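Student: Protein sequence lines correspond, in order, to chains A and B.
Under numbering that gives the first Met the number 0, think of the first position of the first sequence as 0, with each following residue one higher.
Under numbering that gives the first Met the number 0, think of the first position of the second sequence as 0, with each following residue one higher.
Hint data in this document are derived by calculation from the structure and do not stem from the laboratory.
No experiment lies behind these values; they were computed from the predicted model shown.
The beta carbon of each residue, even a glycine, is placed where N, CA and C say it ideally should be.
Hints are not guaranteed to be accurate.
Pairwise CB distance ranges, derived in the manner of DEER restraints [said to hold, decoys possible]:
#1 Gln-65(A) <-> Val-3(B): 21 to 27 Å
#2 Pro-22(A) <-> Gly-245(B): 25 to 31 Å
#3 Leu-11(B) <-> Cys-59(A): 25 to 31 Å
#4 Gly-243(B) <-> Tyr-20(A): 22 to 28 Å
#5 Val-18(B) <-> Ala-165(A): 34 to 40 Å
#6 Gly-177(A) <-> Gly-234(B): 36 to 42 Å
#7 Ala-117(A) <-> Gly-245(B): 32 to 38 Å
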Amino acid sequence: MGDNISSDNIRIEAVGITKSYGPPLFAPVSFTLRGGDGLGLEGCNGSGKTTLLDIISGLCRPDAGQMRTHGTIGYVMQQDGLSGLLSCRDNLLFEAALCRLPSSEARSRIRDLAEQCAISSFLDKRLSRCSAGMRQRVNLAAALLCRPGILLLDEAFSPLDSGSRAIVRNIIASCMDGGAAAVIVSHDRSDLDALCSSAISLPDSSQRDIARRSLP
Amino acid sequence: MKGVRLAVAIMLDDLRHFVKSGAFAVLAAALGLTGIACAASLPSSFFSSGSPPPVAIALVNPDEGMYAQALHGMLAELPEVSAVTWCSPDEAEALLAGGEVSVIAEIPDGMIDALIQGRHSEIRITALDPMSGASAYTMAVSAAKAMNTMQAAANAYRGAAVRYAGADADAFWEAYAGYTASLLGDAVFHRRFVEAAPDAADPYSVQLVSLLLFIFCCGGAMYVFAAFAGQAESGRLRRLSLRGVGPWRLFFVKLAQCFIVNIASCLLLVYAAGALDGFAQTSAAGALGGFAQTGAAGALGGFAQAGAAGALGGFAHTGAAGALGGFAQISGAVGISVAAALITAAVSPIFWLLSLIAPTARHMALASSAVALLCLFTGGGFYPAHLMNIQILRLNPAYLDTGLAGWLLGAGFPDIGAFSCMALPAAACLAAAVLIRRRASVC
Chain A
0 MGDNISSDNI RIEAVGITKS YGPPLFAPVS FTLRGGDGLG LEGCNGSGKT
50 TLLDIISGLC RPDAGQMRTH GTIGYVMQQD GLSGLLSCRD NLLFEAALCR
100 LPSSEARSRI RDLAEQCAIS SFLDKRLSRC SAGMRQRVNL AAALLCRPGI
150 LLLDEAFSPL DSGSRAIVRN IIASCMDGGA AAVIVSHDRS DLDALCSSAI
200 SLPDSSQRDI ARRSLP
Chain B
0 MKGVRLAVAI MLDDLRHFVK SGAFAVLAAA LGLTGIACAA SLPSSFFSSG
50 SPPPVAIALV NPDEGMYAQA LHGMLAELPE VSAVTWCSPD EAEALLAGGE
100 VSVIAEIPDG MIDALIQGRH SEIRITALDP MSGASAYTMA VSAAKAMNTM
150 QAAANAYRGA AVRYAGADAD AFWEAYAGYT ASLLGDAVFH RRFVEAAPDA
200 ADPYSVQLVS LLLFIFCCGG AMYVFAAFAG QAESGRLRRL SLRGVGPWRL
250 FFVKLAQCFI VNIASCLLLV YAAGALDGFA QTSAAGALGG FAQTGAAGAL
300 GGFAQAGAAG ALGGFAHTGA AGALGGFAQI SGAVGISVAA ALITAAVSPI
350 FWLLSLIAPT ARHMALASSA VALLCLFTGG GFYPAHLMNI QILRLNPAYL
400 DTGLAGWLLG AGFPDIGAFS CMALPAAACL AAAVLIRRRA SVC
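Isolated chain A (complex conformation) (with noise of 0.2 Å):
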């Protein structure tokens, strides 16, 4: 990976995290993840899970508490932030210039992502016209373009078809067979007993407590 990992493979460390928008949006959160573990988020809408995973990459800051990450962070945010005006590549070779990819290297890693990913038919079609299993096939790719060492998944599957979801499902699973972390959040529970080894489960604003568990 080529990622500054600390001497124990820990990838993220939460401590006490909080954040409020007014209230509290949830109790103090506290998990470590390493290297090769998955974490499941569920909870009703509106319960933070987005606003965790914000705090996770660094793109919010918590109220209280620590985080910290070790490794080159991969998202897959709901609201994508791809372009439908642009390509599926121009797309890539976007984000592959944020993630400051020389361009031969940003050009064989789109090439073995599209593979991966199933993407090479539509590669060069414009992203406004795939369907929204193929555009969020693309975001995949685009989280996975840096090969992250933190791989953070904003109801990833939801738009996903029966073959697309086992697709996505196999490229999670040799992501953290390679010694990264993952961070699910999934309405479906079969996606996390997949995927992830433990789960927590935010709770809604009239209950406090955060519940955690283990899964199969």
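Chain A is fixed; fit chain B onto it per the hints.
Tutor: Coordinates of chain B only, in the frame set by chain A:
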């Protein structure tokens, strides 16, 4: 180096977005319409005549000595001048207001003595309209040559008078004849004289380029921040932020982009202005001139003339281009680029703020068009309307300032209709932007 590559990638991404989004169409339409309005504001003679027509001038010259008489004779012989009336300042103002002369050339008292003694002195040119202003420019250059020759002659005369106690007017004419071809004198003094006469700048290249420059600069900033609004809309800013391109860094990338776009477009504009001048010389322009004579063009021309002059007036009072007076002195691509950079620095934050408010790139384009039109049409709208009403366009920026003060003190009221014509398009644009935004937020 990687930072530069990243900035270039962002700029290219912007360009791709802009070209493929609806913002391009909106901005192209807004800028195109403004360009047409500017062209329509030019007098028909600009299109139909290759060279400026001869103008009648009023010569205000308190110095009634033989030098002034010589100058009078020289001006009367110039092909650009149809008639010279020697009169007092008040009479000259009356002739100008009555349309009997198009230009007042005012030679200050003691100018010849000042020149002989090496002190600064300048002719003041007051023109009725831009066309006569163009002729006034040519005339001022010719007059400068004449004055330089006379200065040399006067020096010779003074020398002769010292050497020969009985020297008289004949000695002057002899000396003058001997120095008419004094090229050295022309080369040395002509330059100084023209520099001392800021009014004598070509009005087309100054006014038109000033106006278009402002529009182009607004257009450049609008384009950049319309693309930015598009990025915000699609969540791209979060993606940029994730990769270490935060809001401030992005702002500076955008600002640099504005500078590049604006300076490049203004350099193009300099060449385009040259092409326009060339076009004005062609017979093809005659057709346009013919159209400009028609009543159909009258309404558009009347509106655009007020609007364009409004922009000019507003522009003259902005610090962005170092004011019109300073700008009038700028010639060449370097000066234009500096002005473009200054305007960019002035307008970019406005469009940056707009882009933070606008929900989409198209809203941004629409809202920024409204702001640009507001700047153009209402920035100096009142005052030039007043100027148009009294049918005198003073080319001296210092006089513009004086005139504005006079207007503020109640010397005259703008035509309400003219102001309505100027303000309504801007207000309509702004209202449309607000309505569309409200509708978008409801959806």
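Student: Now tell me, hint by hint, if it's right for this structure.
Tutor: Consistency of the hints with the structure:
1. The given range of 21 to 27 Å is broken by Gln-65(A) and Val-3(B), whose C-beta atoms sit roughly 35 Å from each other.
2. Here the CB-CB span from Pro-22(A) to Gly-245(B) is close to 28 Å, well matched to the stated 25 to 31 Å.
3. Against the hinted window of 25 to 31 Å, the Cβ-Cβ separation of Leu-11(B) and Cys-59(A) comes to about 29 Å, which satisfies the hint.
4. The beta-carbon spacing between Gly-243(B) and Tyr-20(A), approximately 25 Å, falls within the hinted interval of 22 to 28 Å.
5. Look at Val-18(B) against Ala-165(A): about 38 Å separates their beta carbons, and that is inside 34 to 40 Å.
6. A beta carbon spacing of about 28 Å between Gly-177(A) and Gly-234(B) contradicts the range 36 to 42 Å that was offered as a hint.
7. Taking 32 to 38 Å as the suggested C-beta distance range, the pair Ala-117(A) and Gly-245(B) conforms, at roughly 34 Å.
Hint violations for this structure: numbers 1 and 6, all remaining hints satisfied.
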